[in-house]
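Order-wise, the sequence lines are chains C and Y. Just so it is clear: in the first sequence, position 23 is 152 by our numbering, and no numbers are missing. Just so it is clear: in the second sequence, position 87 is 88 by our numbering, and no numbers are missing.
Hints listed in this document are in silico derivations from the structure and should not be mistaken for laboratory results. Since we're looking at a predicted model, the values are computed, not measured. Quick reminder that beta carbons are idealized off the backbone N, C-alpha and C, glycines included. There's no promise every hint is true.
Unchecked claim - Output of the computed footprint for chain C on chain Y, the stretches with three or more beta carbons under 8 Å from beta carbons of chain C:
| no. | stretch |
| --- | --- |
| 1 | 16 to 24 |
| 2 | 29 to 39 |
| 3 | 55 to 65 |
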Amino acid sequence: MDVASEGSPLPEIMQRLHHCTAYAQDIMYPAGVNGSRIGGDACAMPVPDGFASTVALTCSLEHFEGDGDIRLFQELARILRRGGKVAVVPLYLMDHPAVQTDPVYSVSANIEFDPEATVYCAQGWGNRHGRFYSPETLLRRIFKPVGEAFSFSVYHLCDAAQIDASIYARFALLGERR
Amino acid sequence: MPNYTYQPALEDLDHEAASIQLRERILNRIEPEWANNNAPGVIAAVMDRLRGYGIPLIDLEVGRREHQQHLSERAIANYTRPTTQTT
Numbered sequence: 130m131d132v133a134s135e136g137s138p139l140p141e142i143m144q145r146l147h148h149c150t151a152y153a154q155d156i157m158y159p160a161g162v163n164g165s166r167i168g169g170d171a172c173a174m175p176v177p178d179g180f181a182s183t184v185a186l187t188c189s190l191e192h193f194e195g196d197g198d199i200r201l202f203q204e205l206a207r208i209l210r211r212g213g214k215v216a217v218v219p220l221y222l223m224d225h226p227a228v229q230t231d232p233v234y235s236v237s238a239n240i241e242f243d244p245e246a247t248v249y250c251a252q253g254w255g256n257r258h259g260r261f262y263s264p265e266t267l268l269r270r271i272f273k274p275v276g277e278a279f280s281f282s283v284y285h286l287c288d289a290a291q292i293d294a295s296i297y298a299r300f301a302l303l304g305e306r307r
Numbered sequence: 002m003p004n005y006t007y008q009p010a011l012e013d014l015d016h017e018a019a020s021i022q023l024r025e026r027i028l029n030r031i032e033p034e035w036a037n038n039n040a041p042g043v044i045a046a047v048m049d050r051l052r053g054y055g056i057p058l059i060d061l062e063v064g065r066r067e068h069q070q071h072l073s074e075r076a077i078a079n080y081t082r083p084t085t086q087t088t
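When you get a sec, could you build the whole thing from the sequences and use the hints?
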């Protein structure tokens, strides 16, 4: 399942590579399960416990506002079967908690930012919320609340520029359902 | 991908006005620049602190692995984006 998939080709690529059943989830889709699309809130998905073996979040976790990221991982603990995995790429990390925003989008939506975060103003970015975790907020928001359900590893993508110089992913997160 | 339902059209809004409104709402918290987690020392500092907390941290040579994954390369190269997408 590709969470917050919007128009991503990832589900189809995975289907071709691994001959799996792939679902795309997004709040922008019609509510409910419609074919391979799952619409509605990612934090309360209309699927049974243990529905998924693998979940991907590509360029998506950073956009979960408020406590949405915390609630998302609690939901992933429910929908992932034992031994299942969730991968987050990129995992945005920084030496202090931060949120990046394009004010053109966030002001009109009256977005609330994490109280401890430095807010960076990104003109022309076109998104209203992108969270960068510090190691401490990653622990507090993601690892500790679901620590009994997941074992986590952080990957440092040390030579991503060999694929293309434009690649900005520096870290990835892998969580395995216990 | 964004997890929300509404975005105003960029051309309909004024960036400078929005920036001022944002500053007024969150005084002393806004930096007039993009976040840069690539700044010198940031990645090393992050990795040191992750290790300090005992978090498993693994170097992944994605470049080399990518070159070895011919199947992945073919699948992505052959992928044709559907014309019915809304974004």
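(request) Against the earlier hints, flag every one the structure doesn't satisfy and list their numbers going up. (result) Structure breaks no hint.
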